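There are 2 protein chains.
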Amino acid sequence: MPKPKRPKYIIGVDLGGTNIVVGACAEDGSKDFAMRSEPTRSDQGADAVVDRMVRMIETAVKETMAETGAKREDFLGVGVGAPGPLDRERGVILTTPNLGWQNFPLRDVIAERVGLAVKLDNDANCATLGEWWMGAAKGGRNVVGVTIGTGIGGGLILEGRLYHGSSDIAGEIGHTTIDVTGRRCKCGNYGCLEAYASGPSIAERAREQLEGDHESTMYTMVDGELERLTAAIVYDAAKKGDETALEVVRETARFLGAGIANLLNVFNPDVVVIAGGVTQAGATLFDPLKREVRKRAFKAAVDACRIVPGSLPGNAGVVGAVASFKQQALGAV
Amino acid sequence: MPKPKRPKYIIGVDLGGTNIVVGACAEDGSKDFAMRSEPTRSDQGADAVVDRMVRMIETAVKETMAETGAKREDFLGVGVGAPGPLDRERGVILTTPNLGWQNFPLRDVIAERVGLAVKLDNDANCATLGEWWMGAAKGGRNVVGVTIGTGIGGGLILEGRLYHGSSDIAGEIGHTTIDVTGRRCKCGNYGCLEAYASGPSIAERAREQLEGDHESTMYTMVDGELERLTAAIVYDAAKKGDETALEVVRETARFLGAGIANLLNVFNPDVVVIAGGVTQAGATLFDPLKREVRKRAFKAAVDACRIVPGSLPGNAGVVGAVASFKQQALGAV
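From first to last, the protein sequence lines are chains L and W.
Take the first sequence: its letter number 121 is residue 121 in this note's numbering, and every next letter is one higher.
Take the second sequence: its letter number 311 is residue 311 in this note's numbering, and every next letter is one higher.
FYI, nobody ran anything at the bench for these hints, they're computed from the structure.
Misleading hints may appear alongside valid ones.
In this list, chains with the same sequence are indistinguishable; a pair is considered to hold if it fits within one copy or across any two.
[As the list claims (entries may be wrong)] Cross-link-like lysine-lysine pairs, in silico, DSS-like; alpha carbons within 27 angstroms at most:
{"hint": "1", "residue 1": "K186", "residue 2": "K299"}
{"hint": "2", "residue 1": "K62", "residue 2": "K295"}
{"hint": "3", "residue 1": "K3", "residue 2": "K31"}
{"hint": "4", "residue 1": "K295", "residue 2": "K186"}
Here the structure is a predicted model, which is why all the values come from computation and not from measurement.
Using the sequences provided together with the hints, build the complete structure.
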């Protein structure tokens with residue numbers, strides 16, 4: 001009788017501008033373990049961030065071993081999702097406005113420290129891959145993932161495969177122009193979707209409203225200290241019915257709707273999955289967003305597509321980093 | 001000794017809003033025959049347009065037979081590129097603002113009349129496929145084709161295959177918003193690229209300039225009858241150094257540059273091939289266009305991509321319709 005095969009595990013790391021999330025997944029994605037989040041604190045420099053990632057990976061390995069009885073050799077490797085642009089082939093982060101890193105060989109640095117195989121992929125690609133493998137985009141053939149946090153990232157699954165483009169830049173949906181003469185974006189361009197609908201941009205637009213409007217709940221929520229205003233506070237105030245906050249959310253929906261309508265007309269996907277903090281706004285955001293898309297995109301593209309919030313909030317990046325490791329190291333998810 | 005295989009031929013039809021172009025290609029694309037163009041005259045109704053297409057196909061078959069000694073059975077079929085959105089599977093044009101057709105079963109109508117197998121594809125997909133098979137995008141792995149004429153169409157070749165999307169709408173680049181509060185487009189949306197940079201939109205922007213400027217060469221070229229102004233006249237005047245025309249072309253370059261930068265950030269292609277009347281403007285258009293793209297897109301995306309004019313002017317649609325027939329009927333080009 002053949003000995004039953006021992007289950008294998010893969011570690012996933014989601015390195016974001018604000019938080020690092022690390023956890024382990026069973027090789028088939030069926031279960032995750034030891035999921036933990038810590039602030040990135042990129043202001044402390046790359047070394048401190050790497051130390052934190054390594055410590056979190058070791059903790060995830062140990063906790064998973066304790067929980068499952070697995071041995072260290074049952075861990076196949078580590079998938080890391082990181083902000084781009086990056087070079088997957090060489091495992092290098094080329095430049096990243098949200099961390100301030102340039103030409104940083106993250107893959108090899110981590111691999112040397114933890115003694116496991118490491119694969120690197122774009123964080124937004126990973127989030128999309130996660131939602132497609134185990135979440136809200138399951139079963140889709142052409143999937144656009146939009147992740148809205150500190151920045152706006154995107155991932156593309158086309159004809160059932162993650163699409164990277166000719167130099168791993170594909171899917172930078174946040175940096176598509178929706179207003180040629182519009183707001184300046186951190187990337188240097190004008191009128192990027194990210195300059196209107198990322199978390200910090202939402203907070204900034206709300207701040208602009210509050211300068212002439214001290215009646216809003218938001219103003220009270222931050223004790224008049226507008227620099228403390230965040231997108232999360234805007235969503236909270238909108239849920240409480242604050243009219244200024246509701247208008248900021250509706251305006252966000254119109255900008256996102258225009259950006260997503262562009263994606264429908266160009267990619268004609270069957271699923272658009274939206275993840276990140278912005279999904280906290282719920283129907284207040286999604287209803288006008290879908291209306292805007294219906295208004296702007298071709299009917300045949302609208303009819304073919306469902307627009308859904310991600311169903312793995314907080315975990316999609318980790319699950320997708322695991323899926324990306326599988327795809328890169330083992331050939332398929 | 002085996003009898004040498006007789007060469008086979010495929011007819012290509014490029015049905016545009018302004019002209020119908022028909023010709024034949026050797027099966028391997030190495031040579032084309034009997035290439036002819038006639039005005040579409042969609043104002044005469046669908047029946048008259050179909051009659052014209054059938055007559056042009058029959059002429060192409062006869063002339064190719066006369067030139068090559070081929071027999072009728074040496075013609076494998078007809079590829080038709082038509083404006084969309086359309087349903088390839090059913091061979092039906094769903095709706096087309098530039099022809100005014102609705103749910104028109106073009107494939108079967110033509111097949112019945114000419115007695116040959118017919119395959120239908122989007123005209124802009126065909127133009128891109130043509131440039132990739134035999135023209136300026138040869139050798140590209142991820143190719144975006146932008147065809148600028150009466151409308152702005154797009155075609156996508158991703159990982160070496162024509163990408164159609166989930167309901168054959170993919171590549172509608174002309175209908176991506178570059179200004180959320182911008183000009184009304186024929187599609188019903190606001191701020192579409194097509195509303196700024198299609199042939200008629202270029203003429204319209206020039207007309208707006210000329211209302212307050214009767215000094216321009218363009219004004220003289222149309223004897224002050226501004227409704228006679230076309231994009232071709234704008235390019236002509238720009239070549240003669242007319243400052244108003246030059247500014248209209250430069251502005252066109254900025255709009256197109258923003259739209260193409262979006263495509264670079266999202267698709268990260270290795271080739272963008274631009275075809276259609278607008279290429280007549282030459283370096284006056286392409287130089288500022290490339291500058292605008294460099295300004296707006298990520299460096300890694302710009303570095304990976306060449307932006308080139310099509311090298312099969314007038315024929316790309318026909319050659320691509322032949323390639324599409326091959327891909328759909330025979331499995332590969």
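Hint check:
1. K186 / K299: Close across copies (14 angstroms), not inside one copy (34 angstroms); limit 27 angstroms.
2. K62 / K295: Answer is neither: 51 angstroms inside a copy and 48 angstroms across each miss the 27 angstroms cutoff.
3. K3 / K31: For K3 and K31, only the intra-copy Cα distance (23 angstroms) is at most 27 angstroms; the inter-copy one is 63 angstroms.
4. K295 / K186: between (29 angstroms within a copy, 13 angstroms between copies)
Checked against the numbered hints above, the structure breaks only hint 2 and satisfies the rest.
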